[in-house]
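S.K.: These protein sequence lines are chains A and B, in that order.
Under the numbering used here, read the first sequence as residues 933 to 1122, first letter to last.
Under the numbering used here, read the second sequence as residues 34 to 293, first letter to last.
Since the hints were derived computationally from the structure, they do not count as laboratory data.
Don't take each hint at face value.
Result set (SDA-like, lysine to any residue): computed pairs, CA atoms no more than 25 Å apart in a straight line [to be verified]: (1) B:K99 to A:P934; (2) B:K99 to A:T974; (3) B:K99 to A:T1058; (4) B:K61 to A:A949; (5) B:K99 to B:D158; (6) B:K61 to A:T1058; (7) B:K61 to A:Q962; (8) B:K99 to B:S88; (9) B:K61 to A:T937; (10) B:K61 to B:L171.
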Amino acid sequence: MPDITLTVNGAPRRAEAEDRTLLVEFLRRQLGLRGTHAGCDTAQCGACTVLLDGRAVKSCIVLAAAAEGAEVETVEGLSRDRAAPHPVLQAFEAFHRRPCGFCAPGMIMAAVDMIRRHGEALDTATVRHELEGNLCRCAGYHDIIRAILAAAPTRRPEGRRPRERNATDAADKLRPRPDHGRGPGAVRDG
Amino acid sequence: MAEALALFETADEPAYLAGGHTLIPVMKNHLAAPDRLIDLRAIPELGGIARRADSLRIGAAVSHAKIAASPPVRAAIPALAALAGSIGDVQVRNMGTIGGSLAHNDPAADYPAAVLALGARVATDRRTLAAEDFFEGLFGTALEDGEIIRHVELPVPAAAGYAKFRNPASRYALVAAFVARAPDGAARVAITGAGSDGVFRWAEAEAALGAAFAAPALDGLTPSDAQMLDDIHAAADERAALCASMTARAVMRPGRASIF
Ligand SMILES: Cc1cc2nc3c(=O)[nH]c(=O)nc-3n(C[C@H](O)[C@H](O)[C@H](O)COP(=O)(O)OP(=O)(O)OC[C@H]3O[C@@H](n4cnc5c(N)ncnc54)[C@H](O)[C@@H]3O)c2cc1C
Ligand code: FES
Ligand code: FES
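Work out the full structure, taking the sequences as your base and the hints as a guide.
M.R.: Spelled out as C-alpha cells, the structure:
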C-alpha cells in the first residue's frame, strides 16, 4: 500500500492507505480524526467538507492520493487552542442547537471558508447562497445562518480598521433572538 | 502531457482524473473500475485563462470557481462566468473542471451549452475540434481513447446570456439555454438538459434572433416535442415549453445567468 503524506491542521501526517481511499476515510480511519462526517453517497450533503489548500471541498469525492502534499484543515483544527476556540465554533455552540449536530462539522468548515473569502462583506444572502452544498436533515438552517453571521467580522465605520476578531468579540455578539425560546445563548465554559 | 499519454498507453483500463467530481461518483456506483487513474491537474498546459484578440482561452483543468471569479472571463463573457458560478455548489466548483465537464458531456451539464452557443473550439493533445463536432449525443464526445483536452477557445460575443431552470432535487439543469450574438449579428442558441440526443442548437430561434435580438422575436416558437427528453422529471412538452421560456429569459438578461 502506498504512503500518503499531507499536512493536517498544520502538522505533517503520513499513513499507508489503499489507492482507492477517499480523503474522508483517510482522515477518519488512518488519522483517527472523526470530526469530519460522511452523511451521503451522492456528494450532496456536505457533512464531509474540509479545506484543501484553503478551499472548501467535499472529502467524500476526493481521493486521499489526490491530496498528496496538500494542506488540509478539518474541524479539529479549530479547537486546538482550548482556551480560545475559533469564533465559528463558539457561534455554532451558541446558535446551532438542533438535536443531532451531524451536519455541523461540514457547516462549520463551509462557514470558515465563507468568512475567509468574504470577511466583512458576508451578508445573509451570500450565506444562504453559499450554503447550497450543505444539508441539515434537522432543518436547522436559520440557526446555522445566524451562527455564521455572528462569527463573521463586523463592518466598521469608514476609516476605522476592523479589529482582529478574538473569542471575546464573538462571545459579545452571541445574542440569540429574543423569541428564540431557548434562554440566553451563552457560550459554554471550558 | 507526454507522461500522462504514456501512462495511459501502458495500463489496461486507465482513466484520466481531473476534479473527480464525475469520475469518483461513477466509480462509487461501480459504473467504472479503472485500473489506473492519471491525475491531469498538474499539467501546465491545462491551466490558466488567457484573453486573446477575439477570444478567451481556458485551460481544461481550470476549476469552475476560478472561471466564475476570473476578471478576464467576467469582462469578456460575463454570462460564462455567471454560468460557472451556478454549477453545483461552492465545494463542487472548487474541484470540478471545465475539461472534465466537457469530456463527460452530461446531457444536463452547463458548459456544453455555452461552448456550443459561443462556437468554441476544443483543443486536444492532437487536434482542434469545433464544438459541433465535439459533442456526440448523451455522454458522448469525439474524443479518442487517451485523447486529452488541452483548452477551450471561446470567441468573445457581442452579447450573451444564460438562463437555467433547475431540477429542484439534483440542482442540475432541467432545461437551460445559452444565447450568444456574434459581433456580425448572427445569433446562436444552445440548449442543455432538454434534448434526447444531448446538447443541441435550436435553429429556428437562432434565425429569429438573428433578425432581431430581442425576446419578442421568439414569440410562438417552441422546439419539437419529438427531440425532447421525456422522463419522471419533466414530460417532453414541458421541456419544449421550458426551452422557449429559458431562451427568452437568456435574451432578456444578457451578461448574466438567470437561475430558476
Ligand atoms: C454534487 C454535485 C453537483 C454537480 N452539479 C453540477 C451542475 O449543476 N452542473 C454541471 O454542469 N455539473 C455539475 N456537477 C458535475 C461537475 O461539474 C463535475 O466536476 C464535472 O462535470 C466534471 O469535472 P471534473 O473535473 O470533476 O472531471 P472528472 O470527474 O475528473 O472527470 C470526468 C471525465 O472526464 C475525463 N477528463 C477529465 N479531464 C479531461 C481532460 N482534460 N481531457 C480528457 N478527458 C478528461 C475523465 O477521464 C472522466 O471520464 C456536479 C457534481 C457534483 C458532485
Ligand atoms: S458525505 Fe460528502 S457530501 Fe455527503
Ligand atoms: S443538526 Fe441534524 S443534520 Fe443538521
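S.K.: Does the alpha-carbon distance linking B:K99 and A:T974 stay inside the 25 Å limit?
M.R.: holds, 24 Å
S.K.: Going straight from one Cα to the other, do B:K99 and B:D158 come out at no more than 25 Å?
M.R.: At roughly 23 Å apart (the allowed maximum being 25 Å), B:D158 and B:K99 satisfy the hint.
S.K.: B:K99 and A:P934: Cα distance at most 25 Å?
M.R.: The hint is violated at about 31 Å.
S.K.: Can the restraint linking B:K61 and A:A949 be considered satisfied, given a maximum Cα separation of 25 Å?
M.R.: holds, 17 Å
S.K.: Can you confirm whether the C-alpha distance between B:K99 and B:S88 stays at or below 25 Å?
M.R.: holds, 18 Å
S.K.: Could you grab the alpha-carbon distance between B:K99 and A:T1058 and see if it respects the 25 Å cut-off?
M.R.: holds, 18 Å
S.K.: Check whether the Cα positions of B:K61 and B:L171 lie no farther apart than 25 Å.
M.R.: holds, 21 Å
S.K.: Is the hinted pair B:K61 and A:T937 satisfied, with a Cα-Cα distance of at most 25 Å?
M.R.: OK: B:K61 and A:T937 at ~24 Å, within 25 Å.
S.K.: Do the alpha carbons of B:K61 and A:T1058 lie within 25 Å of each other, as the hint requires?
M.R.: violated, 32 Å
S.K.: Between B:K61 and A:Q962, does the CA-CA distance stay at or below 25 Å?
M.R.: holds, 20 Å
Hint compliance for this structure: hints 1, 6 are not met, and every other hint is.
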